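Residue numbers (the UniProt record's numbering), protein chains in the order written: chain A, 1 to 230; chain B, 1 to 230; chain C, 1 to 230; chain D, 1 to 230.
One should not assume that every hint holds.
Which copy? The list can't say, so a pair holds if one copy fits it or any two copies do.
To be verified - Think about it this way: if two alpha-carbon atoms lie no more than 20 Å apart in a straight line, the pair counts; the simulated DMTMM-like pairs of lysine to aspartate or glutamate are:
{"#": "1", "residue 1": "Lys-138", "residue 2": "Asp-214"}
{"#": "2", "residue 1": "Lys-138", "residue 2": "Glu-154"}
{"#": "3", "residue 1": "Lys-220", "residue 2": "Asp-55"}
{"#": "4", "residue 1": "Lys-220", "residue 2": "Glu-160"}
{"#": "5", "residue 1": "Lys-24", "residue 2": "Glu-50"}
{"#": "6", "residue 1": "Lys-138", "residue 2": "Asp-157"}
{"#": "7", "residue 1": "Lys-220", "residue 2": "Asp-176"}
{"#": "8", "residue 1": "Lys-138", "residue 2": "Glu-78"}
{"#": "9", "residue 1": "Lys-138", "residue 2": "Asp-76"}
{"#": "10", "residue 1": "Lys-220", "residue 2": "Asp-76"}
{"#": "11", "residue 1": "Lys-138", "residue 2": "Glu-223"}
{"#": "12", "residue 1": "Lys-24", "residue 2": "Asp-4"}
{"#": "13", "residue 1": "Lys-220", "residue 2": "Asp-157"}
{"#": "14", "residue 1": "Lys-24", "residue 2": "Glu-154"}
{"#": "15", "residue 1": "Lys-220", "residue 2": "Glu-78"}
{"#": "16", "residue 1": "Lys-24", "residue 2": "Asp-51"}
{"#": "17", "residue 1": "Lys-24", "residue 2": "Asp-76"}
{"#": "18", "residue 1": "Lys-24", "residue 2": "Glu-135"}
{"#": "19", "residue 1": "Lys-24", "residue 2": "Asp-63"}
{"#": "20", "residue 1": "Lys-220", "residue 2": "Glu-179"}
{"#": "21", "residue 1": "Lys-138", "residue 2": "Asp-211"}
No lab work stands behind these hints, which were simulated from the structure alone.
All of these numbers come straight from a predicted model, not from anything done at the bench.
Now for the letters of each chain:
Number of protein chains: 4
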Amino acid sequence: MNLDTLKANVLNANLATVRHGLVKATFGNASGIDRESGLIAIKPSGVPYEDMTADHMVVCDLDGRSQTNLYRPSSDLETHLALYRAFDGVGAIIHTHSTFATIMAQARHPIISLGTTHADYFHGTIPVTRNLTPEEIKSRYVAATGDVIVEAFEGRDPLEVPAALVAGHGPFVWGDTLESAVLNAMILEEVAKMAWHTLTISPSASPISQDLQDRHYLRKHGENATYGQN
Amino acid sequence: MNLDTLKANVLNANLATVRHGLVKATFGNASGIDRESGLIAIKPSGVPYEDMTADHMVVCDLDGRSQTNLYRPSSDLETHLALYRAFDGVGAIIHTHSTFATIMAQARHPIISLGTTHADYFHGTIPVTRNLTPEEIKSRYVAATGDVIVEAFEGRDPLEVPAALVAGHGPFVWGDTLESAVLNAMILEEVAKMAWHTLTISPSASPISQDLQDRHYLRKHGENATYGQN
Amino acid sequence: MNLDTLKANVLNANLATVRHGLVKATFGNASGIDRESGLIAIKPSGVPYEDMTADHMVVCDLDGRSQTNLYRPSSDLETHLALYRAFDGVGAIIHTHSTFATIMAQARHPIISLGTTHADYFHGTIPVTRNLTPEEIKSRYVAATGDVIVEAFEGRDPLEVPAALVAGHGPFVWGDTLESAVLNAMILEEVAKMAWHTLTISPSASPISQDLQDRHYLRKHGENATYGQN
Amino acid sequence: MNLDTLKANVLNANLATVRHGLVKATFGNASGIDRESGLIAIKPSGVPYEDMTADHMVVCDLDGRSQTNLYRPSSDLETHLALYRAFDGVGAIIHTHSTFATIMAQARHPIISLGTTHADYFHGTIPVTRNLTPEEIKSRYVAATGDVIVEAFEGRDPLEVPAALVAGHGPFVWGDTLESAVLNAMILEEVAKMAWHTLTISPSASPISQDLQDRHYLRKHGENATYGQN
Chain A
1 MNLDTLKANV
11 LNANLATVRH
21 GLVKATFGNA
31 SGIDRESGLI
41 AIKPSGVPYE
51 DMTADHMVVC
61 DLDGRSQTNL
71 YRPSSDLETH
81 LALYRAFDGV
91 GAIIHTHSTF
101 ATIMAQARHP
111 IISLGTTHAD
121 YFHGTIPVTR
131 NLTPEEIKSR
141 YVAATGDVIV
151 EAFEGRDPLE
161 VPAALVAGHG
171 PFVWGDTLES
181 AVLNAMILEE
191 VAKMAWHTLT
201 ISPSASPISQ
211 DLQDRHYLRK
221 HGENATYGQN
Chain B
1 MNLDTLKANV
11 LNANLATVRH
21 GLVKATFGNA
31 SGIDRESGLI
41 AIKPSGVPYE
51 DMTADHMVVC
61 DLDGRSQTNL
71 YRPSSDLETH
81 LALYRAFDGV
91 GAIIHTHSTF
101 ATIMAQARHP
111 IISLGTTHAD
121 YFHGTIPVTR
131 NLTPEEIKSR
141 YVAATGDVIV
151 EAFEGRDPLE
161 VPAALVAGHG
171 PFVWGDTLES
181 AVLNAMILEE
191 VAKMAWHTLT
201 ISPSASPISQ
211 DLQDRHYLRK
221 HGENATYGQN
Chain C
1 MNLDTLKANV
11 LNANLATVRH
21 GLVKATFGNA
31 SGIDRESGLI
41 AIKPSGVPYE
51 DMTADHMVVC
61 DLDGRSQTNL
71 YRPSSDLETH
81 LALYRAFDGV
91 GAIIHTHSTF
101 ATIMAQARHP
111 IISLGTTHAD
121 YFHGTIPVTR
131 NLTPEEIKSR
141 YVAATGDVIV
151 EAFEGRDPLE
161 VPAALVAGHG
171 PFVWGDTLES
181 AVLNAMILEE
191 VAKMAWHTLT
201 ISPSASPISQ
211 DLQDRHYLRK
221 HGENATYGQN
Chain D
1 MNLDTLKANV
11 LNANLATVRH
21 GLVKATFGNA
31 SGIDRESGLI
41 AIKPSGVPYE
51 DMTADHMVVC
61 DLDGRSQTNL
71 YRPSSDLETH
81 LALYRAFDGV
91 GAIIHTHSTF
101 ATIMAQARHP
111 IISLGTTHAD
121 YFHGTIPVTR
131 NLTPEEIKSR
141 YVAATGDVIV
151 EAFEGRDPLE
161 VPAALVAGHG
171 PFVWGDTLES
181 AVLNAMILEE
191 VAKMAWHTLT
201 ISPSASPISQ
211 DLQDRHYLRK
221 HGENATYGQN
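Just need the whole structure built from these sequences, with the hints factored in.
Right, dumping it as structure tokens:
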């Protein structure tokens, strides 16, 4: 992918998170990777969204070695890098403090699959990470945030459940493309809102059956998908 | 009814569900039937709403035999067909994942008639369907979803309570016309939101009296209706 | 007051309830009275808000004797008349199904004065009416709805607490002018929303002290009011 | 600072509170101080926001001695003055009745630091003031409201936790500049909303660790801040 295209797509994804109400103030950041060149583009730190152009996007490689840039990258860069290094198929990552996903992260409440809205996009429970240790917080906080997300997906395919709730913080969401990562971030917020309300009126609500979860997830994903026009 | 009129009306109903905030992403679909010709028009599968025109609407008969179409129909077509076959007076069907109706479906919580807002449009409890069996999910999921809705209305007039909550999924709503189905879908969401909040602050809240339910429903429906200018 | 002015003001108040999100579909109605002539103007029944003009407003006297009108009045007319007859200083009445005021009416939960937002506009508890009897519902439902509101204010000044929650139905709100009735309807909805949430997280929350209630209510109302520029 | 600049900034901050949905009707007021001249500009009392210009802003000194003004100041002026006198580094103060901050104030529920959204802007618990005594309410209500806020910060740096919830009333928020006070008022409302929902689904939720609170607060504040482009 052309680097200018990547930067334009990353800009668009960042603006989409604001337009969809997932990001307030300057909370949140989106990045994308071109797996061929190994280059990543990410939002700059603390630049107001209304002033942001593709040229503000910061480019670096998988080890965070910066290319020529006008700006400093998002303060969450090291978390993005840890996820790109660990999760092969991921092409884009979005971090937000969207209201209900953050509420569930603050409550340390994994989001179980309570309905087909969830199952259409997330194949199983959306996990909450463990707490960071005091040492991790002090010495390598941002990178360790990536590590505990990776830990939470041990033995699982991160593209089947493309989101994690960082305990006491908020969601990180991903996808194979920037478009799918934005969509997953929107759906996560709606799924989190529905889960919060479902569990408040019905605290013992249980997940829908594995059969129903599979039926919905697999009609939209994988080689036997039937949804859409292709 | 002219087929072009039907397709235009179905397009408008689909767009109305988005405009009224009942549908996010591509969740949701509306269809209409011309009872004289027996032809149904329904939204195509997975086409973005902003690109949709009347020509995208997919036409078929009551057994799903497709007419000449450019697109594949909504993946929920078989549910719509089951309802049109079982419910004579129904002229239009809408499926959404609107937030509070879906929450009540996830909580498997029927919506009792807690107030006159409910009673003006729904004459009694809005039911939740039974769970599908593993066999139903695997072999004929979409049609079986229609069957369990029909089951939930055994002995009841589906036009008096023009909505059902599919357990763990979301609402299906109907009406004699596309306009009334859209209105019913909007009112259902508001009624579900009010019910959720009423029952959370007052878990033992009970339905309004049958007299009051009748008074409100019948002033707007049936031959003795007094509401409006006609 | 000129009758054309009254009708224009009543139209504006009806449109304001929609603009402020207090009314969905055609739920709701506003009326005003010219106490000098004894004439009332009220919204017509079931006319879509987007088509409404001042000429649609229906005029009658305090006994409901209709003047020359193009349309039938709101189906809630008799409730408005009962309130105008019983409450001398009331110049305008608004009925809505605004979300949280209706939720509290469905929960049959009076709104106690939990904060100064309440106290600035409502001097004490906003009452819930008693249930109507089966006979009242069958024989004179709409007028009886007015009667139970009047009952709930026995021994109280209705202008000091310009709203009531009709059990299982929704709010009626009033004021000395159409402008103040619209404002009271907006504040009621916000106060109801805050009360619902306060009581859900803190079920034993109690009213603010009478001193504090008086301090806030009286700085905005009565002869010793100090608020504003006059 | 030029007095005209101060008045323009104060006007903008007042309008921003409306634009961000923190203020309904005429609830709320913003003021700013020029510490060099000791002059304060504050919103006038009861003037509709849509008519407000910089010339409506009311100017006085720290003891409330009025300069030449066209209007009467906000009825909350004495609270602002008490805070400016007690809190040296404060350059701007905003009072709103924003929904969730007011709900927590009505519930008398301090907002503990449940997540990094809170910790990025508020270094510790946002306190609730004690109740005013009947004497304070009757004799010097507005100034006493300022005093109980000051009391709640005894031994704490008010710029580290730039907000207080006045019991049974609502939030007062501040900052070193008008821009930061507006941002703090927005973040407070979001943090209060998240806290309400976190505690409702998880009543025993506890604060994030002091290490994590420090990590987030100090990356945005103080001499070692690393956030942004400077």
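Please flag the earlier hints that this structure goes against, numbers listed from lowest up.
2, 3, 6, 12, 14, 18, 19
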